[in-house]
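Undergrad: So the chains spell out like this:
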Amino acid sequence: MPESGIVGYGAYIPRYRIKVESIASTWGADAENYKKGLQLKEKSVPGLDQDTITLSVEAAKYALKRAGIDGSSIGAAYVGSESHPYAVKPTGTILSEAIGATPECHTADFEFACKAGTEAMYNVYSQVKAGLIEYGLGIGGDTSQGAPGDALEYSASAGAAAYIFGSKDIIVSVDATYAYMTDTPDFWRREYEHYPQHGGRFTGEPAYFKHTLGAAEGIMKRAGMTADDFDYAVFHQPNGKFPMAAGKRLGFPREKIETGWLVPWLGNTYSGASPLGLSAVLDIAKPGDRILMVSFGSGAGSDAFIFTVLDHILEVQDKAPMTRPQLDENKIYLDYGNYAKFRGKILRNK
Amino acid sequence: MKIRSPRYHRETPQRYRLEAAKTESGKVFFPPRAYYPGGEKAEPFRMSDKGKVLTYTVIHTPAAEYSDLAPFALGIIELDGGGRITSQIVDVDPSKVKIGMRVKVEFRRIRTEGDEGLLCYGYKVVPE
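Residue numbers (this note's numbering), protein chains in the order written: chain E, 1 to 350; chain Y, 1 to 128.
Do not take every clue at face value.
[What the hints assert, rightly or not] Pairs of lysine-lysine residues, derived as DSS-like cross-links and limited to a Cα-Cα distance of at most 30 Å, are as follows:
#	chain 1	residue 1	chain 2	residue 2
1	E	Lys319	Y	Lys52
2	Y	Lys52	E	Lys286
3	Y	Lys27	E	Lys65
[As the list claims (entries may be wrong)] Just so you have them, the derived chain E footprint on chain Y, three or more residues with Cβ under 8 Å:
#	segment
4	5-17
5	67-74
6	101-109
7	116-125
These aren't lab readings, by the way, just hints derived from the structure by calculation.
These figures come from a predicted structure and were not determined experimentally.
Note that the Cβ used here is the ideal one computed from N, Cα and C, for glycine as well.
For reference, chain Y alone in the conformation it holds in the complex (with noise of 0.2 Å):
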């Protein structure tokens, strides 16, 4: 399946940089929103590289375009600082992730559209 341009365009101070938003009471929003709960307003936020796994799944028969990891963990990632991000837990024996265990957010190709679509870049985490 391919992705529409416009849609992993508008996608990239996320998927590449992990741009988030934190509000005055100090919740974080990753992705940014319009509008956040209680009216509040938010500055743009980084979220840091490196947090620690919250809970996971290990996924045996993915999408088809994700075959050739199979299997890989799937997890969501606390950040330090604040902010979650459901992340593939890579370079990792998928047995051997446990909850809390430390990791550091790496830039990855997450798909790739066939022999002529676009190359998907974005976040995974590796431990740390």
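The following block holds chain E by itself, in its conformation from the complex (with noise of 0.2 Å):
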């Protein structure tokens, strides 16, 4: 059987924020309960001609640059997202075209809420693992939204990381993989809802945490480890403190988890949520890093992998921008009613 790893990656983050205090003094709420209570400081937002689709692009460009290949060698290209920009018309023929890779290329969109990214780098993995392709990119990316006013609002972002797999020049194996499922009523959107409704604090234990352990568990069993002979561990980041409890009941060290936790400064990206904490991680780790990441997306369920980190890293880090200065450099803060505009919650007089 061939052998199937990262071979690149890519992330993008848009340059426009918006602070909490924004936020919560337009609502008349208390900013500090958020920062101190859910660890959130700012979250990005997507400029007016940005949506999933131009983020996942950008992000596949990146890590097109990173393997070194062109984009006619993808065999399979898939989106993860909650955010598809058409009810109606495949993201990913648009993304497949813009990066060159049609038309041998197979396609599809999926969906899962916020992991709907990871799903989408495991069915590429297998692919490459089965040997029906030679190259294939998996993308998590999101242009997420928050009714006004609503918990969520203060956390749903915008960003996308994308990963291309391959059995040749790997940068990083795939040491084991495992998924944890449930029929799990915590989020949802139905047809033409503009704005998903939640299950308040249900969305916490018998879902995030249940289904994020259950994973981590789960594949850290079947391999024989702990969490001491990881380096780092990536959890999927809906608000600053979910991840952070999640590891420490796991036995994971906080400073095994802050190199992936962009959550306080980024916000929510859903689906590209745990795929973006794990490209700041491959951006600073070094040959024989041993990495745990786990997704977790409403409905509900997780995606674990083991990862271990290649000597032939080193040769590709720098040679597409980084996650964390895209989201600490070039910032523009947005107030409320840019924000409001920007993200279509109010509309001008036509």
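Assemble the dimeric complex from its two separately framed chains, guided by the hints.
TA: Take a look at the structure:
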């Protein structure tokens, strides 16, 4: 069976930001509650001309640069998102056309709330491993929406991360994969509805923690490993508090989580959240480092991966923009009025 | 105003991938032509995604479909390795745009045809 591992990765974060204080002051809420309770400081906002397709294309271009391959080599391209711009017309066709992967490319759009991105990654990993394709592109990206004044509005943000899997010049090996899934009604959006609904505190213990911990414990048990065997852990990050709490319960010290813990400054990028956390880790990882990644998608389920960083990563890390600098530099802050316009929450009179 | 699907589709190699043509004497034509000056032959040429602002203006009163973006800078960009594009210069205060400024090309949504029509994608540039 062919080897299958990560041969290139790319992250894209929009430049626009809004601070928690700007949202809280609009709705008469206490910003400190969100900053301390959920550990959120600010979040990314897509530009007026950006959506899941444009973010995914930029992340994919960066991944191709790191992989050192042409778009025409991609045999399958999957985009996981809950904010595909069209209801009917694939995100994947536009993405594949933009990176030059058409016409000999299999594509599909994936949905599974916040874990659609790791679904895409798992599928291209599997196809490469099966020998069906030479290279595959799996992307998690979202321009997530939170209803005005809802708790989600403080976290729902935008970003994308792309991973190319192949069997030559692997930079990160995939040592194990595991999935843990049940039917849990913690978060949903009905057809034709603009904003999602959620179960409040029900989204915590029976949803996020049950599946995240279930997947992490399951994969570590199968691999015969404990938290001590890992250098980094990346968890889905709907807010700052949940991933740190999950890591603590699994025995991970804070410093093994912090590198991939972007949410206080980025917000929750939904399908992009754990893939972006992973890209921030890969930017600074050294050969031999072992990484646990666990996504979570409402509905609900988690995908877990155990990765080992290989020597070749040192040759590609600086071939495309890194994740943390995109988060920390060149920021453009919006007030709530402009944010509402950017997100289509207010419309100009026609 | 709605664009007809065939026209939008026909322009995707240029709008999505900056596909140009380079003649035997090294001149870059974007978009490619059916015939070239002096009867020269040309090969397909993928233009660079980096360049500099050659000149620009600031649009304060755009066509209705771009009104939410105003004011925005619109410039002629000279790409590294040859070729020029006319492009919006975004993610920057228009008053901060300068001739000679380094920029890079990003994939963006150019226009949206109301609530029912196509989403039209293509290139814009941002500060490098």
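Undergrad: Next step is simple, just say for each hint if it's right about the structure.
TA: Going down the list of hints, with the structure as the test:
1. E:Lys319 - Y:Lys52: With a Cα-Cα distance of about 21 Å, the restraint between Lys319 (chain E) and Lys52 (chain Y) holds, given a limit of 30 Å.
2. Y:Lys52 - E:Lys286: violated (36 Å)
3. Y:Lys27 - E:Lys65: With Cα atoms ~26 Å apart, Lys27 (chain Y) and Lys65 (chain E) stay inside 30 Å; holds.
4. 5-17: Per the Cβ count (3), the hint holds.
5. 67-74: holds (count 3)
6. 101-109: holds (count 4)
7. 116-125: holds (count 3)
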